[in-house]
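Asker: Below are the chains, spelled out letter by letter.
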Amino acid sequence: MKDKIPGLLLIGSLLLTFFAIYLWLITEEYDSISVEVKMLVSASFLSLLGLITVHYFQNKGYLNYGVINLFVLLFSIAFLTGASFLLFASYNTYTKRLKTLKTSGSLENVILSNSGFNTEDAQIYIDLKESRNRLLGYETFLKETAQNYAPSDYSYANVIKNELINQLSNKAGTQTYWDEILNSVYVFDTINNTYKRGGYEIMYVFGNDVYPNEDLKNTTDMDFIRQKSVLEYWQAQLLDADRTPENIASFWRDNKAFFYTFFSKSQYDRLCKLVVDDLITIKGKINEQPNYQEFYENYNISDPIFLTFPDKAFVKSYKYSWPFSFWDRRYEEGNDSVIYKILVEIQKHYQN
Amino acid sequence: MKKAAIIITVISIIVSAITFFVIKKTDEIMDEISLVEEVNISIDATTKSIESSIDDYDDNNKYYYKSIALDQKQYVEVNECMQFYINGESFENGNNCEQKIVDAIIQKDGELSLIKSITGDMLNYTNTVVSLNVNYVRNLILSGERKTYLKQKLILAFVNRYRDPIKLQRAFTNNKAYFFNLISKDVYDNLYKQYINTFLNSYNEIHKNEDVEAFYKDIYFKAEKLNKQDEYWFYTFWKRRELEKNDHVIYTILNEINTHYTK
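Protein chains in written order, with this note's numbering: chain A, 4 to 355; chain B, 18 to 280.
It is possible that some hints are incorrect.
[What the hints assert, rightly or not] Facing chain B, from chain A, some residues (calculated, C-beta under 7 Å):
#1 S47
#2 S50
#3 V75
#4 A86
#5 L89
#6 R100
#7 F120
#8 D124
#9 Y128
#10 I129
#11 L139
#12 G140
#13 A149
#14 Y152
#15 Y159
Simulated from the structure, these hints should not be mistaken for laboratory data.
Even for Gly, the Cβ is constructed at its ideal location relative to N, Cα and C.
Put together the whole structure using the sequences plus the hints.
Answerer: Below you can see the structure in the form of structure tokens.
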């Protein structure tokens with residue numbers, strides 16, 4: 004039995020090789036070895052292995068038939084024919100490709116642009132053309148401005164105001180943007196170096212009045228123009244803002260760093276703390292009422308019953324009714340829980 | 018038979034090895050060919066994009082707008098001046114209007130930038146060639162007299178500042194480095210060389226005569242009699258410069274430019 008092992012091994016590896024080659028030939032690999040190469044390698048392996056197998060078995064006394072030897076010879080001749088044919092074909096292809104390479108140009112002699120311009124000159128011409136276009140742009144600007152110029156009904160201060168508003172919207176998402184807005188809203192007093200509006204006074208900044216495109220007439224006070232511009236801009240932003248909870252959450256996430264930078268703890272305590280604390284306390288009390296959603300859906304600030312919720316004494320303990328109507332309006336918009344979360348986060352941030 | 022089979026098999030394996038080698042070499046050549054093709058395609062694309070950047074064919078109807086930041090005083094002044102223009106009246110009805118507007122432009126971008134814009138305005142751009150518009154100056158003067166060509170009026174107003182030889186020399190000295198750097202020798206040869214040489218040659222031709230005045234008289238006579246103003250323009254140019262007393266400065270400047278680019 005032991006002397007049969009090499010024989011069995013040979014047959015086994017022969018079969019395995021057949022199987023492997025079969026798999027190899029049928030798999031299409033991307034960017035791979037071409038079929039011809041695969042066939043050549045397989046044929047070489049097979050023929051070697053086959054020869055060794057046949058030779059081994061014949062030495063052992065099996066397969067000593069003339070037919071076997073004939074078959075082996077025929078197979079080797081077929082192999083030689085196939086290999087020679089492939090060599091001939093691939094050599095043909097090689098010479099053809101070599102000729103293409105010589106005519107189309109190797110990388111050393113790629114032909115540069117065949118227009119009249121080399122790239123350096125082209126850059127100069129483009130540069131000069133852009134300068135010329137700028138001149139044409141000035142011409143258009145002068146003509147159009149002159150056509151819109153009506154000194155009697157629209158003043159230069161308004162021109163500045165529109166320009167400032169444009170510049171402001173371009174700066175959105177930066178610290179300077181927020182500094183400018185918060186300074187204008189809290190009305191920074193340069194003389195006393197302090198903010199004039201804190202706590203509930205902030206409500207007087209916007210209130211119910213919508214800033215129309217206000218005519219600043221002939222004022223030349225740049226600070227006044229600047230403040231009016233920012234407030235008009237911010238009012239428009241508030242009115243147009245997307246008040247969905249998702250947008251508010253992401254807006255807060257994207258901009259809270261600027262808010263925290265602007266308000267130091269002392270500024271926050273002076274300007275914001277009162278309102279934030281009140282809003283949180285009130286909302287906490289309201290959330291304890293089991294039917295507050297129903298109440299909000301049925302009543303609002305214009306109903307007399309509104310200010311008896313959650314109870315008259317509690318409402319009366321606050322100077323302003325504003326925080327109560329605030330939560331009603333937020334409930335209507337569907338963003339009350341998001342805003343409550345944000346307020347709590349702010350309160351916690353400044354408690355440390 | 019077996020021996021033959023073995024020998025033939027060995028030879029086949031050698032032939033296979035050679036074939037494998039040839040196939041590999043062919044692949045390398047294929048890679049280089051396709052790389053060359055890729056490079057050619059990308060050069061083609063760059064060329065097309067350069068050509069279309071330069072080509073002015075579509076640009077003539079394009080809308081350009083460039084605002085100038087004016088302070089309040091300028092805003093009022095410039096717009097008051099521009100009202101004459103919009104109403105089709107002459108700027109002369111106003112007070113130094115063209116100069117005021119030019120001042121506003123210079124304040125925004127600087128003098129150098131305006132000179133560069135005028136330089137750019139003097140060229141004709143097509144997608145195959147860029148050339149100097151040799152009638153630019155004459156067209157400027159002629160059309161600037163019409164009431165509706167704002168750009169030409171403003172350029173003339175700016176250029177007129179430099180008829181004074183001292184101002185001209187100073188402006189040239191201050192700005193020449195920039196322009197020598199901007200305009201390469203190739204671009205100079207393509208656009209300006211011939212034009213500047215015409216000026217230099219005509220000046221030399223005039224001044225090799227002993228009696229320059231007589232020469233001018235003759236030229237002016239011929240120009241009027243034979244109606245050849247255009248042909249003699251390069252000569253009458255120098256006469257007008259002589260009257261403005263800046264002919265020598267201009268000749269020196271043109272000579273310096275020519276020398277710089279023929280080194």
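Asker: Answer holds if the nearest beta-carbon of chain B is closer than 7 Å to that of Y128 of chain A; otherwise answer violated.
Answerer: Holds, because the Cβ-Cβ distance from Y128 of chain A to chain B comes to roughly 5 Å (cut-off 7 Å).
Asker: Quick check on the hint: A149 of chain A CB to chain B CB, less than 7 Å?
Answerer: Check passed: Cβ of A149 of chain A comes within 3 Å of chain B, closer than 7 Å.
Asker: Quick one, is the L139 of chain A hint okay against chain B at 7 Å, beta carbons?
Answerer: holds, 4 Å
Asker: Mind checking the CB of L89 of chain A against every CB in chain B and telling me if the closest is under 7 Å?
Answerer: holds, 5 Å
Asker: Holds or violated: the hint that V75 of chain A contacts chain B, with Cβ atoms closer than 7 Å.
Answerer: Constraint on V75 of chain A satisfied, holds at 5 Å.
Asker: Mind checking the CB of Y159 of chain A against every CB in chain B and telling me if the closest is under 7 Å?
Answerer: This interface hint holds because 5 Å falls under the 7 Å limit.
Asker: Double-check Y152 of chain A for me: the hint is only fine if its C-beta lies closer than 7 Å to a C-beta in chain B.
Answerer: holds, 4 Å
Asker: Tell me if the interface restraint on G140 of chain A is satisfied: Cβ within less than 7 Å of some Cβ in chain B.
Answerer: holds, 3 Å
Asker: Restraint: D124 of chain A near chain B, CB-CB cut 7 Å. Satisfied or not?
Answerer: Hint holds; D124 of chain A Cβ to chain B Cβ min 5 Å, cut 7 Å.
Asker: Against chain B, is A86 of chain A within 7 Å by beta-carbon distance?
Answerer: holds, 4 Å
Asker: Close enough to count: is the Cβ of S47 of chain A nearer than 7 Å to one in chain B?
Answerer: holds, 5 Å
Asker: Under 7 Å, Cβ to Cβ, is where R100 of chain A needs to be relative to chain B, so tell me if that hint holds or is violated.
Answerer: Interface hint status for R100 of chain A: holds (5 Å vs cutoff 7 Å).
Checked against the numbered hints above, the structure violates none of them.
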